[in-house]
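Participant: Guided by the hints, dock chain B onto chain A, whose structure is given.
Residue numbers (UniProt numbering), protein chains in the order written: chain A, 1 to 195; chain B, 1 to 203.
Simulated from the structure, these hints should not be mistaken for lab results. Glycine included, every Cβ here is placed at the ideal spot set by N, Cα and C. Hints may contain errors.
Unchecked claim - Taking lysine-lysine pairs in the DSSO-like style, the calculated list, with each CA pair at most 27 Å apart, reads:
| # | chain 1 | residue 1 | chain 2 | residue 2 |
| --- | --- | --- | --- | --- |
| 1 | B | Lys198 | A | Lys189 |
| 2 | A | Lys3 | B | Lys149 |
| 3 | A | Lys186 | B | Lys149 |
| 4 | A | Lys186 | B | Lys34 |
| 5 | B | Lys34 | B | Lys198 |
| 6 | A | Lys195 | B | Lys53 |
What the hints assert, rightly or not - Sample of chain A residues with no beta-carbon within 12 Å of chain B, all distances over it, derived:
| # | residue |
| --- | --- |
| 7 | Lys3 |
| 8 | Val20 |
| 9 | Thr69 |
| 10 | Glu73 |
| 11 | Arg81 |
| 12 | His103 |
| 13 | Gly115 |
| 14 | Asn125 |
| 15 | Pro145 |
| 16 | Leu148 |
| 17 | Val153 |
| 18 | Thr156 |
| 19 | Thr157 |
| 20 | Pro164 |
| 21 | Asn172 |
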Amino acid sequence: MNKNLLSFAILALAVVILVVNIWKPGSTESEKNTTAPAGESVETTEDIPGAKLSSLREGAEAPDFELNTLDGETIKLSELRGKKVILNFWATWCPPCKAEMPHMQNFYEENKDNGVEIIAVNLTNMDKGADEVQKFVGEYGLTFPIPLDEEGVVGTTYQAFTIPTSYILDENGVITKKIVGPMDEKMMKELTGVK
Amino acid sequence: MNYITFGRFTLPADLLAAFAAIFIGALIYRAREKKSIDDWFWNSFFIYIAIYKLSYAVFNFKMFLDTPLSLLYFNGGTAGQILAFLGIAIYLYWLSRAKGSTITPEEYIPAYFIFFLLYWTGLFAFSQDFLAAAIQAVLMIGFILFYLKNIKLTMEYAILFLMLEALILSLFSDLLAVENLLIFALGVYLIIFQRLNKEEIQH
Numbered sequence: 001m002n003k004n005l006l007s008f009a010i011l012a013l014a015v016v017i018l019v020v021n022i023w024k025p026g027s028t029e030s031e032k033n034t035t036a037p038a039g040e041s042v043e044t045t046e047d048i049p050g051a052k053l054s055s056l057r058e059g060a061e062a063p064d065f066e067l068n069t070l071d072g073e074t075i076k077l078s079e080l081r082g083k084k085v086i087l088n089f090w091a092t093w094c095p096p097c098k099a100e101m102p103h104m105q106n107f108y109e110e111n112k113d114n115g116v117e118i119i120a121v122n123l124t125n126m127d128k129g130a131d132e133v134q135k136f137v138g139e140y141g142l143t144f145p146i147p148l149d150e151e152g153v154v155g156t157t158y159q160a161f162t163i164p165t166s167y168i169l170d171e172n173g174v175i176t177k178k179i180v181g182p183m184d185e186k187m188m189k190e191l192t193g194v195k
Numbered sequence: 001m002n003y004i005t006f007g008r009f010t011l012p013a014d015l016l017a018a019f020a021a022i023f024i025g026a027l028i029y030r031a032r033e034k035k036s037i038d039d040w041f042w043n044s045f046f047i048y049i050a051i052y053k054l055s056y057a058v059f060n061f062k063m064f065l066d067t068p069l070s071l072l073y074f075n076g077g078t079a080g081q082i083l084a085f086l087g088i089a090i091y092l093y094w095l096s097r098a099k100g101s102t103i104t105p106e107e108y109i110p111a112y113f114i115f116f117l118l119y120w121t122g123l124f125a126f127s128q129d130f131l132a133a134a135i136q137a138v139l140m141i142g143f144i145l146f147y148l149k150n151i152k153l154t155m156e157y158a159i160l161f162l163m164l165e166a167l168i169l170s171l172f173s174d175l176l177a178v179e180n181l182l183i184f185a186l187g188v189y190l191i192i193f194q195r196l197n198k199e200e201i202q203h
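If we strip away everything but chain A, and leave its shape as in the complex, we get:
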């Protein structure tokens, strides 16, 4: 190719790239809206076509459940409306779950007053018993609620086959993201949009 033609192509491309990127702030702003306060995101939830058709898609309402926690309390998912929720599924024998626990604990300590809740459902029916779970929780110093899925119903509903699996729910209990695999603190911050 002619050198002048090449230089011209490079220049033209540079202009196009510049234009495309200047245009972009509009689209990133609309992304930010999903992390806006509850009042605004009600509309965006309803705007997603077919949002409530399938129960486990991003953009669909998270199936409700009620479980007893390790501390003997009862927790109901729908009672957490108004807060963002990281809904995590784990077991004591799962290495990547172990890896992400300290990150979750740190994130929880920093953000529990910022409207983000962590619910770490233990797949008790696949685990080594509540004593082992208690020991694990003590060892890692976990302070967020640990519901025990003793029947295995909730884990199955949420398709937590490969663990850890986590769902990020917005203030309306709508799934905004499903993550298979461990998350570190930085990822949790990005996913929940906390500063």
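Facilitator: Below, chain B without anything else, positioned relative to chain A:
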């Protein structure tokens, strides 16, 4: 980040795309040169992984001591990536400046393009953005044909390919994401390095 699940295994998509790119890239090199690619290609890759992973241990030292296995799953984040790219830049500089080295910076740039064009194609495909993957694949195949036909990769062509890639990322991904900027910085660095090296030889 995207994760790909095979049965009970879960792998991060970027790692998978990078591994695919390094092996396919080496094969493409072999197709043209009829010999295996030099060690620096593999070394750069491992330098990147080593710094990126180990920086997690440095930045999260307490957590790393508590759960050393977490190194398998996490990495040094943005700071780790910056260090890893710096590591590659320093390594490649040192390598071609070392006494008696037969490696010239001219070899770096085609390998750079082949690797990253494959990497981005894989990344788009794994995140199931098939339109982006297809367009990325066109650019990748374009470059590979260019490479296999032995057309001289002048500075102008290198910049042209970088610009085309920048356009694709602007449209389908985020050009200004730290990882993308770092990859471009490495590309620009290699182009300048090659240029300076050539001038030195001519003088």
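Participant: Which hints, by number, does the structure contradict?
Facilitator: Checked against the structure, the hints that fail are numbers 1, 3, 4, 7, 8, 12 and 20, while the rest are satisfied.
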